[in-house]
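Student: Listed below, chain by chain, are the residues.
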Amino acid sequence: MKKYIINRLVQFIPLLIGISLISFFIMHLAPGDPTSLFIDPNVNPQELARVRANWGLDQPLYIQYFLWLKNAVLLDFGRSYTTGQPVINEIAERLPMTLLLMIPAFALSLLITIPLGVLSAVKKNSWFDKGVTIFSFTGMAIPTFWLGLMLMLLFAVKLHWLPAVGNIILPLITMTVGSLAGMTRYQRAAMLEVLNQDYIRTARAKGLPERLVIYKHALRNALIPIVTLLGLSLPDLFGGAFIIETIFAWPGMGRLGVQSIFQRNYPVIMGIVMFSALLIIIGNLLADICYALVDPRIRYSKNDK
Amino acid sequence: MFQKVFIIIFTLCIFLTTQIFSLQIDPQGELRFALGGEVSLLNPVLSTDTVSSAVEGVLFSGLVTVNEKLEMVPDLAKSWQVSKDGKIWTFYLRRNVKWHDGVPFSSADVKFTFDTILNPKVNSVRRSDYIIAGQPIKFLAVDKYTFRAILPQPFAPFLIHMGMGILPKHLLAGKDLNTADFNRRPVGTGPFKFLEWKTGDHITVVANANYYLGKPLLKSINYKIIPDENARLIAFEAGEIDAVDVPAKDYARMKAGEGALIVENDVLMYTYLGFNLANPKFGDRRVRQAIAQAINKQQIIGLVLRGLGLPANVPSAPASWAYAPGKKLVFDPVRARQLLNEAGVEELEFTVLVNQGNKEREKAAVIIQQQLKKVGIKMNIRVLEWSAMLKIVNAPKDPRDFEAVLMGWSLGLDPDAYSIWHSSQYPRGFNFIKYTNKQVDKWLEQGRTTVDRRARKKIYAQIWTTLAWDQPYVYLWYPKGVSAISHRVGGLAKPNPAGVFLHIEKVYIKK
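Here the protein sequences come in this chain order: A and B.
Taking UniProt numbering, the leading residue of the first sequence gets 1, the next gets one more, and so forth.
Taking UniProt numbering, the leading residue of the second sequence gets 1, the next gets one more, and so forth.
Hints should not be assumed to be uniformly reliable.
For lysine-lysine, the following DSS-like pairs were computed, each having C-alpha atoms within a straight-line distance of at most 25 Å [claimed, not checked]: (1) B/K121 with A/K70; (2) A/K158 with B/K255; (3) A/K158 with B/K249; (4) A/K158 with B/K224; (5) B/K111 with B/K69.
Derived list of chain B stretches under chain A, where covered just means 3 residues or more per stretch with a C-beta under 8 Å from a C-beta of chain A [stated by the list, open to error]: (6) 141 to 153; (7) 255 to 268; (8) 334 to 344; (9) 474 to 487.
Note that these hints are calculated values from the structure, not bench results.
Note that beta-carbon positions come from the ideal geometry of N, C-alpha and C, so glycine has one too.
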């Protein structure tokens with residue numbers, strides 16, 4: 001196991017370099033640069049060229065990349081073009097707010113979706129199952145921005161119970177409702193699949209109580225796909241949610257990322273891309289390790305990488 | 001007897017009004033604004049976005065500022081003189097001004113600020129404002145309270161550029177301005193002092209008790225960053241912010257409700273349909289005039305702006321002192337058809353570029369398409385992402401790969417339009433439609449070198465008239481700005497193009 005993890009960690013290096021290379025060039029394929037978006041009749045184009053040169057954007061692309069890589073190895077991701085602040089600071093400022101919203105939202109949706117999905121599967125085709133299905137699909141169909149605005153209108157303007165902006169409750173509800181639908185369906189499908197397995201039939205045939213069959217034998221296996229989902233969701237936790245952050249004026253990573261792309265703020269874009277890439281890789285590794293913990297059949301040996 | 005009673009009543013009245021007035025003001029009052037985007041940094045020399053400028057406006061002051069009529073009036077300079085040849089400007093500075101940290105302000109700060117802007121290493125896009133005919137302006141601190149600028153040649157917009165927020169030399173000398181911590185913890189001479197900035201969330205500023213025009217009546221201002229337009233309106237209606245810009249779609253509803261003061265004002269801006277004159281399709285003036293007369297601007301304003309705008313006629317705006325209406329090419333489809341016949345054009349088809357996300361322009365394009373169809377002109381619409389569109393429109397080559405664009409210009413305080421219309425501004429510059437008119441070139445040169453305002457007004461009237469006749473753009477509309485302000489706010493200026501919060505030190509929160 002230890003060797004496996006070390007092996008995977010070593011693989012991170014070429015992977016991250018590859019990601020940075022591809023992202024860097026894709027980013028520069030987008031039309032315009034940070035100064036060309038600034039169109040003001042009172043600003044002389046020569047001034048824009050000067051500022052571009054100050055930022056090193058007049059250099060050939062491959063040189064720009066190597067300069068970036070050289071600094072990035074030393075954990076210097078440069079400074080934001082718009083604020084002049086180090087990229088690391090920009091990310092660090094947004095991260096706590098992002099986690100403050102995303103972790104409770106994620107935990108809340110897990111707490112709701114796992115039981116809902118399991119119960120729906122167990123009581124397949126019952127009224128409960130149908131109710132959950134309708135609820136899930138409605139949740140999936142409602143656009144987040146609309147739900148967010150409606151909640152604000154109801155709780156802030158009509159009822160005056162909560163402030164419209166700067167409060168965590170409304171974004172949390174919007175976030176959770178948005179993710180409920182997909183995850184409930186996912187959990188339900190996973191549980192249904194497990195319930196049709198031979199070992200469940202065997203367990204029942206042994207005469208085990210139904211409760212034990214479901215919660216000990218079935219649930220543990222049905223959680224495996226959810227673990228994968230969790231691992232893959234790790235970058236979302238840090239990446240934030242652009243639409244919800246925009247509507248509820250929540251200063252998270254989502255807004256920083258999208259804004260940087262619009263402004264062609266290359267250092268910030270690269271910083272966020274590398275940060276997310278690292279999280280995805282770590283998330284996958286953690287998920288793989290969790291498999292082994294949840295499912296005794298999965299073991300990572302020398303022969304089995 | 002009568003007189004005595006009158007005097008008593010009169011004094012009583014004055015006494016009561018002043019009493020009531022002071023009773024009305026909440027000494028703890030906090031004004032709450034919403035900002036529609038992220039603040040980049042708080043340094044007037046470096047920032048390029050309107051959101052940052054809004055906050056900088058209360059923290060920093062310039063030598064001059066604008067009044068309700070958008071005229072330049074004294075601020076840090078109490079007066080100024082200009083030499084007869086229009087090249088030497090001498091500013092006499094206020095003596096009682098202190099920086100927010102208590103250090104006295106002097107001409108050294110002014111010189112430092114403008115020298116910093118001229119430093120090529122400083123990433124200020126404003127540098128070209130202080131370079132005239134390829135030569136930088138010379139700045140001199142004559143004595144502690146006298147500052148002089150020596151221009152290589154007379155330049156009318158110069159005074160406006162003296163409105164740039166002045167930076168404190170004692171905090172910034174020898175530092176790299178691009179990355180200075182100052183940009184996040186600014187120190188200015190304005191009516192409010194910086195208190196706190198939570199990135200992406202809010203900025204708080206507090207009253208500067210030593211402000212040279214008197215201590216502000218507000219205790220503080222909170223700028224809350226709310227990027228979404230609808231969320232801003234909801235926050236306003238929930239009473240969480242005190243002022244909000246009202247989009248056209250919400251205008252009627254907000255006006256009908258009595259929850260707020262609705263203020264309308266002219267904006268220095270116009271929207272236009274511009275033709276690539278390098279393209280032979282638009283070479284004949286009559287074709288452009290025909291398109292202009294086939295477009296019903298009033299209908300567009302009614303449908304797209306819900307009436308919140310005026311049909312445009314010239315590339316200026318009614319809010320500008322140099323505005324002159326020019327000859328109106330009114331909506332007349334019959335005449336349009338006739339003009340096309342005269343020009344020998346049987347068929348006309350062209351494509352207009354519109355930037356994605358600007359709903360007003362996207363809608364207007366569709367209406368124009370329908371209107372032109374009625375006179376037999378086929379206009380195709382191509383919606384592009386802003387930067388992709390700019391790449392085509394602004395490509396430094398001749399001719400450019402576009403036929404027409406639907407865009408808008410925000411105008412500066414000065415009418416100088418050299419960078420948009422002078423033939424030297426093509427292919428590098430903002431004359432991207434390749435307008436070439438020797439006479440207009442000459443007037444544009446005169447306009448920016450003449451200092452006398454009355455003479456300038458005449459020059460610009462000629463320019464606008466010519467541009468109205470030539471129709472290199474079909475000028476579509478002048479938008480109107482509408483904002484809603486909470487009834488708890490008092491001390492506002494009358495509606496004017498500089499905004500009702502122009503004298504922010506006099507604004508207060510009612511008890």
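Student: Against the structure, test the hints numbered earlier, and report the numbers of the ones violated in rising order.
Tutor: 5, 6, 7, 8, 9
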